[in-house]
Amino acid sequence: MKTDIHNEKGQALVFVVATMTVALAVGVGVSLRNLSSLSRISRTDTSSRAQAAAEGGAENVLSLTDNELEAKIGASPTVITYVPTGNDNVTAEAEVTVDYYNLSPDQDYLPLLVQKGQVVEIVLSGDPVEVCWSPLTEDLSTDLYFTSYNDSGDVARAGVSASSRAGFPGSYDSKFDGSDGGEDGFSDCYTPDVVSSVTGLRVRSINGISRLGVYPSGDLPDQGFTITSVGKLQNVEQGEEAEVSVVVVRSFARASGIFDFGVFSGSMGMPLD
Amino acid sequence: MLSLLFKKTKKVIIFMLFIVGSSLGFSFKNTLAQSIITHPASIRKHKVDISPGEVYVWQVVTTNGKYTAGSDTWTFTVAAIGDVTGWVWDSTGKNCSDAGASNELQKSDLDGDVSINLTTQSLEGAWDPDTFDSYSYIVEEVPYSTSQILCVNVPSPVDKANFKYGLSCVNGSGSDIVSSSCATIDVDSSTQTYNLGYKMISSGWFNVIDGDVFGGCTSCVDSISIGIPSEDDILGSFADSLISGVGAVFANGSLSIKNPSGDDRYVNDDNEYYAESMENSEFWSDDFSFNAPDGSEEVSDCSDFFNDSLEAGSTYEADTDCINDALSNSGGSYSLSEDGVAVVYITDFDTLEFEGEFKSSNDDRRVLFVTNGDVLFSGDLGEVAPTSSSDPVVEAGIIAEASIVFESNGNEPADDTTIVVEGPLVSKDGTVDFDRDRGELNGYPAQVVIFNPIYLKELKETRSSVVDISWMVQQ
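Chains as they are written, first to last, in the numbering used here: chain A, 3 to 275; chain B, 1147 to 1621.
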């Protein structure tokens, strides 16, 4: 049985996140509370209207809490109907389902993308992982820094240097471990030491954007949610039907990257002394 | 009838004769000069040479050949004098017995000239390592006496902004030191030697336990600049490094975290990690907001805010006055309803002030403050003799858009204590201003920040968390 939600604002107000739709699987860290203030654009042609409906449906559930999303797993799809506001009488509909996100059976590694200077978090259940990575652009190599923690309040840190130093500032100097070489198309790999009974591994990308592959040594816990939203149009003429699926991977909620620091002095004009 | 006054200096006695009545036909002599002073005038001033270290009996005698009259006698000792000389030398990392020309502090070593003052005699000395061959300084004609105070002001070392010189050796030992610049000396010979060894000591430092440290300044000489004392000088079992335990140091610019020997002292852990001169690291998390999330509880009466149990996982918002009142009324402690973190957003730009202790009743429960304004830790908070296992006096995380300041009580003389707080301490656009200075040898860090990882785990349960999202479109 479907759960229907009618959006009285109409399709013209369906909004999408422009920066998120331009590329596939581009990871962007977003504050949960900010999801409701993202930019909106309208779509007019049928394909675009179906896509907009799908994106709107996905976004409708994106800002839910982890607990609220978990409650939708295995439940009936949520259907959101966008009432037409124009003269064409075309109704758009988004059918949204939620599931946990994890490695698919044909995947050897969990793919992730980390923006420059930012952090992603891998949920773990006691086992260490190997992390392989490449810079998103070859001329901007990246080092990685890891913070692992457990439920007992223990913390471990580790850092690794890329084998390539392309694009690092001339005066950049660091002391990190060396990488173990690459595999599966990744230029470098490294297995960071983690705390016992590790529950979270946070990865920070230094100098540029990193494309990660996380290779589990055991079962990898779920990493978040897969939100599938199928946009469809109704009351369209034959041959103009359109159906567009939007799949959104949303991580479990995590602490922002600044919580890795004991002391963070962001001033561009005053030294820490 | 006559009377006399005299003044004794180190080398002469100046005396005056006051003659009442006619002095015609009388001549005068004194016991020291042994010379006849024919004195027709009523008042004359005369000088008689005396020698240091001698005992004299003073009497003025007048005679006309027939009659003789003498003044009362006065016995006195002319104090002996001697020259005090010695090396002013750099004892950093050396034994007190290493005084000598090879370790002499040169003008090129210092940011100015050394000044010397024998305070008990108001005598100034001279320091000139370029001219003097067998010593660095000399104080001339110092009267023999014990327990005299010799103060030597040694300027800061050149190119080591985080260090100053402190007196550590007096004639081969660490005794007789009165302060970081003064020594007690005895002068009992004509040439007295006091070699004064000065070593580099930190001008105030801080220690972070198990946390990463980031300095964002790109226009500074160094993004992070700290003088870490020598291991032997550190008190309270603190590490001789910026970070104790696990952690890394990151900086957009360069790092200057050195001990007096010039060694980098970033992390004391075997796995020392750091990255400097990252230029534009983009470490600030743009996903973090200083605005309270929707659904936060607005608090307007804070009188008992921290006396009631806060809800773990909840977010609150209030203005600074309200929260400062709440801190004042907290009685130094707070509690949460259950394990977790409560987040308090401050809605204006005033200064959040910690004037007293603020401790959680439970290690698994914490408050996180998020504010647009400054944060101040009072100079009154702290302890004199902390250890690396001292408990924090403020158990909360702080994320500030402006600066976080550790107030100093002033350092003349040094009267700051050491404050131990929890981190994260995060300043987005300002700095974390570690103003305190323990003075003297600065063996204790003046500020200690203990990283608490509870926020990594528990913020997930609040609306202050963030998520990562990836989109894929299938036509």
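Warning: the hint list may mix true and false statements.
Claimed, not checked - Calculated lysine-lysine pairs in the BS3-like style (CA-CA distance at most 30 angstroms, straight line):
| id | chain 1 | residue 1 | chain 2 | residue 2 |
| --- | --- | --- | --- | --- |
| 1 | A | LYS177 | B | LYS1574 |
| 2 | A | LYS118 | B | LYS1574 |
| 3 | B | LYS1574 | B | LYS1505 |
| 4 | A | LYS177 | B | LYS1505 |
| 5 | B | LYS1306 | A | LYS74 |
As the list claims (entries may be wrong) - Just so you have them, the derived chain B footprint on chain A, three or more residues with Cβ under 8 angstroms:
| id | region |
| --- | --- |
| 6 | 72-85 |
| 7 | 169-176 |
| 8 | 237-249 |
Because the hints were derived from the structure by calculation, they are not lab data.
A virtual CB, placed ideally from N, CA and C, is assigned to each residue, including glycine.
Quick rundown of the hints versus the structure:
A threshold of 30 angstroms between alpha carbons decides the hint, and for LYS177 (chain A) with LYS1574 (chain B) the separation of about 25 angstroms falls inside it, so the pair holds. Taken as a hint, the LYS118 (chain A) and LYS1574 (chain B) pair is honoured in the structure, with Cα atoms around 17 angstroms apart against an allowance of 30 angstroms. Only pairs whose Cα atoms come within 30 angstroms are accepted, and LYS1574 (chain B) paired with LYS1505 (chain B) is accepted, the gap being roughly 25 angstroms. For the suggested pair LYS177 (chain A) and LYS1505 (chain B), the alpha carbons sit about 36 angstroms apart, so the restraint of at most 30 angstroms is broken.
Distance hint between LYS1306 (chain B) and LYS74 (chain A) is unfulfilled; the C-alpha atoms sit about 62 angstroms from each other, more than 30 angstroms. For a cut-off of 8 angstroms, the count of residues in the region 72-85 of chain A with a CB near a CB of chain B stands at 0, and the three-residue condition is violated. Coverage of a stretch by a chain is defined here by at least three residues with a beta carbon nearer than 8 angstroms to that chain's beta carbons; for the region 169-176 of chain A and chain B the count is 5, and the condition holds. Counting residues of the region 237-249 of chain A whose beta carbon lies closer than 8 angstroms to any beta carbon of chain B gives 4, which reaches the threshold of three, so the coverage claim holds.
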